[in-house]
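Enquirer: These protein sequence lines map, in sequence, to chains A and B. So the first sequence is residues 27 to 526, counted in the working numbering. So the second sequence is residues 355 to 830, counted in the working numbering.
Hints listed in this document are in silico derivations from the structure and should not be mistaken for laboratory results. Glycine residues also receive a C-beta, built at the ideal position from the N, C-alpha and C atoms. Don't take each hint at face value.
[Claimed, not checked] Pulled from the structure, derived: some chain A residues nowhere near chain B, Cβ distances all over 10 Å:
#1 Tyr85
#2 Arg181
#3 Pro222
#4 Lys311
#5 His395
#6 Leu426
#7 Ile457
#8 Ala462
#9 Leu473
#10 Glu475
#11 Pro478
#12 Ile506
[What the hints assert, rightly or not] Cut-off 27 Å, straight-line C-alpha distance, at most; resulting in silico cross-link-like pairs (DSS-like, lysine-lysine):
#13 A:Lys127 x A:Lys479
#14 A:Lys127 x B:Lys718
#15 B:Lys717 x A:Lys133
#16 A:Lys130 x B:Lys718
#17 B:Lys718 x A:Lys133
#18 A:Lys130 x B:Lys717
[Claimed, not checked] Here chain A is said to cover these stretches of chain B; the calculated rule only asks that three of the stretch's residues, wherever they fall, bring their Cβ under 8 Å from a Cβ of chain A:
#19 728-738
#20 815-822
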Amino acid sequence: MLSLMIFIPLLGMLVVLFAIRREQEELAKRVTFIITLIPLLIAVFLFIDYDRSASGHQYEEDMMWIEAFNIRYHVGIDGLSVTLVLLTALLGPICVLASWKIDKGIKAYLALFLLLETGMIGFFCALDMFLFYVFFELTLLPMYFLIGIWGGERREYAAIKFFLYTLFGSVLMLIAMIAVYLKSGTDDVARTFDIPTLINLAKTPGHALADPTFQIWAFLGFFIGFAVKVPIFPFHTWLPDAHVEAPTAISVILAGILLKMGTYGLVRVNFAMLPEGMDFFCNGKGTWGNSLAILGFINIVYGSLCALAQTDFKKLVAYSSIGHMGFVLIGLAARNESGLTGAILQMFNHGVISAMLFLLVGVVYDRAHHREINGFGGLGSKMPIYTGITTLAFMASLGLPGLSGFVGEALSLLGAYSKFKVLTILSTAGIVVGAAYFLWTLQRVFLGELNPKYEAITEINGREIATLVPLGILTIVLGIWPSIAIDMFREAVSLLPLVQ
Amino acid sequence: MTINWQLLMPELIIILTFILVAIFDLFNSIQKTVAAWLTIVGCAIALYVSIDMLQVGMEGTEFSNMIQVDKYSLFFNVIFLVSTILVVLISMNYLGRTDRRQGEYYLLILLATLGMMLMASGNELIVVFLGLELMSLSLYVLAGYFQRSMASSEAGMKYLLLGAFASGFFLYGIALIYGGAGTTSIPKIASAITVNATSPLLLSGMFLLVVGFGFKVALVPFHQWAPDVYEGAPTSIAAFISAGPKAAGFAAFLRIFLEALQNIQSEWIVVVTILAALTMTVGNLVAIAQRNIKRMLAYSSIAHAGYVLVGLAAANKDGISSAMFYLLIYCIMNIGAFGAVILARTEDGESLMISDYAGLGFKKPLLALFMTLMLLSLAGFPPTAGFVGKFYIFRSAVESGQIWLVIIGAINTAISAFYYLRVVVAMYMREPEEELDFHPYPSLLIVALTLAAIGVVLIGILPSYFLSPAQISTFL
Numbered sequence: 027m028l029s030l031m032i033f034i035p036l037l038g039m040l041v042v043l044f045a046i047r048r049e050q051e052e053l054a055k056r057v058t059f060i061i062t063l064i065p066l067l068i069a070v071f072l073f074i075d076y077d078r079s080a081s082g083h084q085y086e087e088d089m090m091w092i093e094a095f096n097i098r099y100h101v102g103i104d105g106l107s108v109t110l111v112l113l114t115a116l117l118g119p120i121c122v123l124a125s126w127k128i129d130k131g132i133k134a135y136l137a138l139f140l141l142l143e144t145g146m147i148g149f150f151c152a153l154d155m156f157l158f159y160v161f162f163e164l165t166l167l168p169m170y171f172l173i174g175i176w177g178g179e180r181r182e183y184a185a186i187k188f189f190l191y192t193l194f195g196s197v198l199m200l201i202a203m204i205a206v207y208l209k210s211g212t213d214d215v216a217r218t219f220d221i222p223t224l225i226n227l228a229k230t231p232g233h234a235l236a237d238p239t240f241q242i243w244a245f246l247g248f249f250i251g252f253a254v255k256v257p258i259f260p261f262h263t264w265l266p267d268a269h270v271e272a273p274t275a276i277s278v279i280l281a282g283i284l285l286k287m288g289t290y291g292l293v294r295v296n297f298a299m300l301p302e303g304m305d306f307f308c309n310g311k312g313t314w315g316n317s318l319a320i321l322g323f324i325n326i327v328y329g330s331l332c333a334l335a336q337t338d339f340k341k342l343v344a345y346s347s348i349g350h351m352g353f354v355l356i357g358l359a360a361r362n363e364s365g366l367t368g369a370i371l372q373m374f375n376h377g378v379i380s381a382m383l384f385l386l387v388g389v390v391y392d393r394a395h396h397r398e399i400n401g402f403g404g405l406g407s408k409m410p411i412y413t414g415i416t417t418l419a420f421m422a423s424l425g426l427p428g429l430s431g432f433v434g435e436a437l438s439l440l441g442a443y444s445k446f447k448v449l450t451i452l453s454t455a456g457i458v459v460g461a462a463y464f465l466w467t468l469q470r471v472f473l474g475e476l477n478p479k480y481e482a483i484t485e486i487n488g489r490e491i492a493t494l495v496p497l498g499i500l501t502i503v504l505g506i507w508p509s510i511a512i513d514m515f516r517e518a519v520s521l522l523p524l525v526q
Numbered sequence: 355m356t357i358n359w360q361l362l363m364p365e366l367i368i369i370l371t372f373i374l375v376a377i378f379d380l381f382n383s384i385q386k387t388v389a390a391w392l393t394i395v396g397c398a399i400a401l402y403v404s405i406d407m408l409q410v411g412m413e414g415t416e417f418s419n420m421i422q423v424d425k426y427s428l429f430f431n432v433i434f435l436v437s438t439i440l441v442v443l444i445s446m447n448y449l450g451r452t453d454r455r456q457g458e459y460y461l462l463i464l465l466a467t468l469g470m471m472l473m474a475s476g477n478e479l480i481v482v483f484l485g486l487e488l489m490s491l492s493l494y495v496l497a498g499y500f501q502r503s504m505a506s507s508e509a510g511m512k513y514l515l516l517g518a519f520a521s522g523f524f525l526y527g528i529a530l531i532y533g534g535a536g537t538t539s540i541p542k543i544a545s546a547i548t549v550n551a552t553s554p555l556l557l558s559g560m561f562l563l564v565v566g567f568g569f570k571v572a573l574v575p576f577h578q579w580a581p582d583v584y585e586g587a588p589t590s591i592a593a594f595i596s597a598g599p600k601a602a603g604f605a606a607f608l609r610i611f612l613e614a615l616q617n618i619q620s621e622w623i624v625v626v627t628i629l630a631a632l633t634m635t636v637g638n639l640v641a642i643a644q645r646n647i648k649r650m651l652a653y654s655s656i657a658h659a660g661y662v663l664v665g666l667a668a669a670n671k672d673g674i675s676s677a678m679f680y681l682l683i684y685c686i687m688n689i690g691a692f693g694a695v696i697l698a699r700t701e702d703g704e705s706l707m708i709s710d711y712a713g714l715g716f717k718k719p720l721l722a723l724f725m726t727l728m729l730l731s732l733a734g735f736p737p738t739a740g741f742v743g744k745f746y747i748f749r750s751a752v753e754s755g756q757i758w759l760v761i762i763g764a765i766n767t768a769i770s771a772f773y774y775l776r777v778v779v780a781m782y783m784r785e786p787e788e789e790l791d792f793h794p795y796p797s798l799l800i801v802a803l804t805l806a807a808i809g810v811v812l813i814g815i816l817p818s819y820f821l822s823p824a825q826i827s828t829f830l
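For reference, chain A alone in the conformation it holds in the complex:
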């Protein structure tokens, strides 16, 4: 089941590349759209069929891959990954729709997009560390090309920067991974890359993997790898560049999924597998003990303040992402049920909301060919539907109660408050600033006198609405009834090494 989901996009890539002629652009887009619907259908089925009360992984598949190193093709999903798999599968067809207007080399674009989808779904399903790493890297390459070929003016710079930052992080992660592997056994006891097994070994007292000093170093290696992806200050500078240059659909994937790969890795590896290392950085004692929470705080406040200063619509949304990922971090640093629930929920919600925001930026950019916030004005009278949807997305993003953004942030902060009082209180400043930049933007773009340049601007069209509606519904539903999501991962959270 999972393999089908992972490799259907890859198969689709081959179909698009080799079975469709260059002139048949329309056909290529339709075929890709249909291909991306298949993982979505499977994901919806998984969502319904998933046993919410069972612990451990479900739909597992396990076979030997590289015998010499005991590397297995082991996939499976648990509560942590099932929501993210659903999110990935949902954004697939949405992004294909959002890419309908791409006119340069559409076949290659779609093929790379499908490869990207394979990498992302595979990453969230992988239960073998090596496989996990391979899928992690596999997303890097198509992303690099998608930004570098189909991006804006400074696409080359943005693509290389994105690539090198991520690669730098991931090679350190590779070393940590090798170290964990070598510690997991000896010449007589088989070593393993299997994540569930490693998690158990790291908890076994006296095992080499459970050694706190080792865990701290391994933690650092993995942390830098994931921190670049999240991105956590000071590794974040690639993000605004990449977002500004990337085409709309790719920004959606970048913010919606790729950033989640970082936080998912932090939960799956750093927290679950290296609890002693985690403890060193989150126990609340001294500088090191607060470091993760401090980084979360910096992300929230710094990201929000930077967003406030932007005049480029897309850059604003990009910096707001940095801020919102800070809530995930601070919830994670709390290491209690509320914090973790909030963090994981925030990952999903941010995926949905930031996807909406980037799609909305794309809509106005397609019409006005610029994103200068101060260059608009009064669009509300010409584009009422667009204005309505944007308002919904803004409100969800700034954390209005009743919409999904609120629940995740509130739970994260609630969890963090019991551990890091001062930092949590200071972090709420981020929410205030968030409200400020979103409302201010709303005012500058949609309210006031209509800018005469945009007399003839057209309302959002059916295809664009179709990309936004499913996401909009999700923000409302999850805002009112968050337990449908929380139920999915309640069991998985309780299995994490929580500290009350």
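Got chain A sorted already, so can you dock chain B onto it with the hints?
Expert: Chain B only, in chain A's frame:
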């Protein structure tokens, strides 16, 4: 004395092929490609025989313990023969345009291959040296094969002078080791050294060997010849020099240091570690500054020698097999990369400036695809072979506690991605400055590149078939 000829089958086949090509070339100078095809067929048979012997596990020594045929040497035979076949395939169209006789070109390639095989199976420092000279002398001539090109002649001359120097160091090293250990036989040196562990003669002999090998496999700071020779030599020969001979150098390097000199490991491991770190770092950093793709690939191949050296610095069983496995992968992907350079030919010759590759991604999709794949594999990107190879090397080195060397290597991997990607950027993300008129694709080159591409992807996805032979073929 009876000689077990069966043990020497691959070498004999190469010699036979050599004779056939020589005779044929004497009487027939019209059909130029026949020599090439004979070479390919001969190498393919030798390859088949080597693989067969490897599977059967045929081992033994011959000529009074001068030649040691074991899985280790057979595995290297596979590397050399695969490289030679690929190089001949990329050479045929490349030379096809020149009106020169081509017999000697293939003859020299065969001789060099034979030299490499001797180096891998030499059980005696003198035999290793003979193999080294056989290989090197053929390469000097090949580097200067385009007589009418100044660059090519200069490359040949430079290679000859510096190579002769290196051989001198090497030979002097052998002499000193003979002085210290009283023998030149590899296993006997190993047992002799335990007695008088750190005699100054042995140590200086060891250092001279490092210098000699350092020249031959282009380690920093003995690497200066490489970029000039690669740039000036015919591209197919640059591919050849960068692949097989480097593997052969390492074959002897590993065997001599880990078998003969294993008891003074603590002495040389520091040297090797420093050289590995230097070679990776300097190779990659200088590669960034290159504008000419052949020079860039030259520095990249220097950096790759550094990665292989990490396997030697690991100094354990896995270190050897990871170096072997990496050399196999490296030869395939590096020849592939040079092949892609040959593919990018215009009316004026080859396009060697990276800026010439602008816009190729959409104009010549197949060429760009091959080039991208090879460069990604060189950069060590999953799921290509280069990634598995690097992973194994790093794994071995972490296991033996060389964690800092691995960190340097890993950071170097990230650095190297920068310049490999620059070519990719040029191909896919830039518009061409001037319209270059590229040749249509020559069919054999496509065959060679397809083989290399299949190899790179196949080893990347299903490494077990290639890894297990490497793991069971070490001499330790």
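Enquirer: Does each hint hold? Answer for all of them.
Expert: Each hint, compared with the structure:
With a cut of 10 Å on Cβ distances, Tyr85 (chain A) stays outside the contact zone with chain B, its closest approach being about 23 Å. Its closest Cβ contact with chain B, about 7 Å, brings Arg181 (chain A) to no more than 10 Å, contrary to its assignment away from the interface. For Pro222 (chain A), the shortest C-beta to C-beta distance to chain B comes to about 21 Å, beyond the 10 Å cut-off, and the non-interface label holds. Listed as outside the interface, Lys311 (chain A) is consistent with that label: its C-beta sits roughly 28 Å from the nearest C-beta of chain B, beyond the 10 Å cut-off.
Every CB of chain B is more than 10 Å from the CB of His395 (chain A) (nearest about 21 Å), matching its label as outside the interface. Interface exclusion of Leu426 (chain A) from chain B stands, the closest Cβ pair being 41 Å apart, more than 10 Å. Listed as outside the interface, Ile457 (chain A) is consistent with that label: its C-beta sits roughly 37 Å from the nearest C-beta of chain B, beyond the 10 Å cut-off. Every CB of chain B is more than 10 Å from the CB of Ala462 (chain A) (nearest about 38 Å), matching its label as outside the interface.
No beta-carbon of chain B is positioned within 10 Å of the beta-carbon of Leu473 (chain A); the least distance is around 39 Å. The beta carbon of Glu475 (chain A) sits about 41 Å from the closest Cβ of chain B, which is more than 10 Å, so the claim that it is off the interface holds. In this structure Pro478 (chain A) is separated from chain B by more than 10 Å, as the shortest Cβ-Cβ distance comes to about 36 Å. With 10 Å as the threshold on Cβ separation, the claim that Ile506 (chain A) sits away from chain B holds: the shortest Cβ distance comes to roughly 42 Å.
About 23 Å separates the Cα atoms of Lys127 (chain A) and Lys479 (chain A), which keeps this hinted pair within 27 Å; it holds. For the hint pairing Lys127 (chain A) with Lys718 (chain B), the CA-to-CA distance comes to about 25 Å; that is within 27 Å, so the pair holds. At roughly 15 Å between alpha-carbon atoms, Lys717 (chain B) and Lys133 (chain A) fall within 27 Å of each other, so this suggested pair holds. Under the criterion of a C-alpha separation no larger than 27 Å, the hint pairing Lys130 (chain A) with Lys718 (chain B) is consistent with the structure, at around 16 Å.
About 15 Å separates the Cα atoms of Lys718 (chain B) and Lys133 (chain A), which keeps this hinted pair within 27 Å; it holds. Between the alpha carbons of Lys130 (chain A) and Lys717 (chain B) the distance comes to roughly 13 Å, so the proposed pair stays at or under 27 Å and holds. With a cut-off of 8 Å between beta carbons, the segment 728-738 of chain B has 4 residues touching chain A; three or more are needed, and the interface restraint holds. With 4 residues bearing a CB less than 8 Å from a CB of chain A, the segment 815-822 of chain B meets the requirement of three and the coverage assertion stands.
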